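Starting from the known structure of chain P, fit chain S onto it as the hints suggest.
There are 2 protein chains.
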Amino acid sequence: MNSSQDAKPSNKTGDLRDGEVAAALPEHFDASVYFIGRIRTPWKTRKDCPKNAREARETGAVCTIELDPRWAAGLKDIERCTHLVVLYWMDKVRRDLAVQVPGHLGKGRGTFALRSPVRPNPIAMSVVKLVKVDGSKLDVIAMDCIDGTPLLDIKPYYASTDSIPDAVTGG
Amino acid sequence: MNSSQDAKPSNKTGDLRDGEVAAALPEHFDASVYFIGRIRTPWKTRKDCPKNAREARETGAVCTIELDPRWAAGLKDIERCTHLVVLYWMDKVRRDLAVQVPGHLGKGRGTFALRSPVRPNPIAMSVVKLVKVDGSKLDVIAMDCIDGTPLLDIKPYYASTDSIPDAVTGG
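If you read the sequences in order, they're chains P and S. Going by our numbering, 112 is the number at position 112 of the first sequence; the sequence numbering is gapless. So the number in our numbering is just where the residue sits in the second sequence, counting from 1, plus 171.
Just so you know, the hints here were simulated from the structure itself, not pulled from any lab data. Nothing here was measured: the structure is a model prediction, and the numbers come from that model. Glycine included, C-beta positions come from ideal geometry on N, C-alpha and C. A hint or two may mislead.
Stated by the list, open to error - Okay, derived cross-link-like pairs now, DSSO-like style, lysine-lysine, Cα gap no bigger than 30 Å in a straight line:
#, chain 1, residue 1, chain 2, residue 2
1, S, 247, P, 47
2, S, 278, S, 263
3, P, 129, P, 44
4, S, 222, P, 76
5, P, 129, S, 300
6, P, 132, P, 47
7, S, 218, S, 303
8, S, 278, P, 76
9, S, 222, S, 300
10, S, 303, P, 107
11, S, 247, P, 107
Said to hold, decoys possible - Beyond 12 Å from chain P on every Cβ pair, some chain S residues (computed):
#, residue
12, 186
13, 189
14, 215
15, 220
16, 253
17, 274
18, 310
Claimed, not checked - Far from chain P, by Cβ distances over 12 Å, these chain S residues were calculated:
#, residue
19, 231
20, 232
21, 295
Isolated chain P, as found in the complex:
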């Protein structure tokens, strides 16, 4: 194991909003990940970032996925895909909240019913449109994360299994 600060998440319990619930984090990790690249976006701070993927897409901003060149051969045939699933690591957040009170909601909601970056494994998922392949770089529309966010994975998006137009949340 390396000494990356990412592997030492904070577990502070004194900093909860009313209604939030923190869990005791497990004593050890179970597996480890490589950062396989970085995501370049126009958003330099969390405050600059679009609030969510829809808002990011609406900006039309072209973001660049810079894959570590060691993995460049892994992009063979990627241009067959109009859309991709991108997994990335939200490395600046606590990992112990089970119930969160998002500002826009004003009440508690379970972590697994939210897309908040605060979660036991801070892996974010975005569906993006692939616009250009240039060596080990991919231009996509759009990501909602901060510039320099670590990349975990890129997958082809399959409408047959990944697209559920009539899925409902809330109501």
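Just chain S now, with coordinates in the frame of chain P:
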């Protein structure tokens, strides 16, 4: 770091099919994950498993996500969602292939243009239908993974950003 075998992926290079390309794995990991539960499916061996998510869904099999009870509060409001994104860890695979030759394809394709479990970070993603919430257990249709697969994350599925009905792969 714990001594889990999951953190020591194989890096054998002598076992490649014609056309496959292995990358040198980085010397260290960058971050670590917790297994936050297990996925219970009817498929006891890799041979039993449906070939993909579409096939799994067509079986109509109800699978059960057993969340570690420490995270049970994180399911608050999850019943608002008709569909969920599930992330899980494919813990039985090599991680170093950049180009793979899937049996059904018979030629090399980049890892990032495939949904194969073989990838630098073996994180799989499935979109499932939520059918029942019972304490820290969720019944869903359907998963294509082997019984006992480690769970990494559950997210609400948003049609507004996650559903791209006209996405194309291949052609």
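Quick rundown of the hints versus the structure:
1. Taken as a hint, the residue 247 of chain S and residue 47 of chain P pair is honoured in the structure, with Cα atoms around 27 Å apart against an allowance of 30 Å.
2. This hinted pair checks out: residue 278 of chain S and residue 263 of chain S have alpha carbons roughly 23 Å apart, not beyond 30 Å.
3. Only pairs whose Cα atoms come within 30 Å are accepted, and residue 129 of chain P paired with residue 44 of chain P is accepted, the gap being roughly 21 Å.
4. This hinted pair checks out: residue 222 of chain S and residue 76 of chain P have alpha carbons roughly 22 Å apart, not beyond 30 Å.
5. Note on residue 129 of chain P and residue 300 of chain S: the hinted pairing holds, with a Cα-Cα distance of about 25 Å set against a maximum of 30 Å.
6. About 28 Å separates the Cα atoms of residue 132 of chain P and residue 47 of chain P, which keeps this hinted pair within 30 Å; it holds.
7. Of the pairs offered as hints, the one joining residue 218 of chain S and residue 303 of chain S holds, with about 28 Å between alpha carbons and a cut-off of 30 Å not exceeded.
8. Of the pairs offered as hints, the one joining residue 278 of chain S and residue 76 of chain P holds, with about 11 Å between alpha carbons and a cut-off of 30 Å not exceeded.
9. For the proposed pair residue 222 of chain S and residue 300 of chain S, the alpha carbon gap of about 18 Å is at most 30 Å, so the pair holds.
10. For the hint pairing residue 303 of chain S with residue 107 of chain P, the CA-to-CA distance comes to about 24 Å; that is within 30 Å, so the pair holds.
11. For the proposed pair residue 247 of chain S and residue 107 of chain P, the alpha carbon gap of about 11 Å is at most 30 Å, so the pair holds.
12. The beta carbon of residue 186 of chain S is kept farther than 12 Å from every beta carbon of chain P, the shortest such distance being approximately 17 Å.
13. Listed as outside the interface, residue 189 of chain S is consistent with that label: its C-beta sits roughly 15 Å from the nearest C-beta of chain P, beyond the 12 Å cut-off.
14. The Cβ of residue 215 of chain S lies farther than 12 Å from every Cβ of chain P, with a closest approach of about 22 Å, so its non-interface assignment holds.
15. Listed as a non-interface residue, residue 220 of chain S keeps its Cβ farther than 12 Å from every Cβ of chain P; the least gap is roughly 15 Å.
16. Separation of residue 253 of chain S from chain P is inadequate, the least Cβ-Cβ distance of about 5 Å not exceeding the 12 Å criterion.
17. In this structure residue 274 of chain S is separated from chain P by more than 12 Å, as the shortest Cβ-Cβ distance comes to about 16 Å.
18. Taking the minimum C-beta to C-beta distance to chain P, about 15 Å, the non-interface status of residue 310 of chain S holds against the 12 Å cut.
19. At the 12 Å boundary, the C-beta of residue 231 of chain S stays outside the reach of chain P, the nearest C-beta of that chain being 15 Å off.
20. For residue 232 of chain S, the non-interface assignment is confirmed: its Cβ lies about 15 Å from the closest Cβ of chain P, beyond the 12 Å cut-off.
21. With a cut of 12 Å on Cβ distances, residue 295 of chain S falls inside the contact zone with chain P, its closest approach being about 9 Å.
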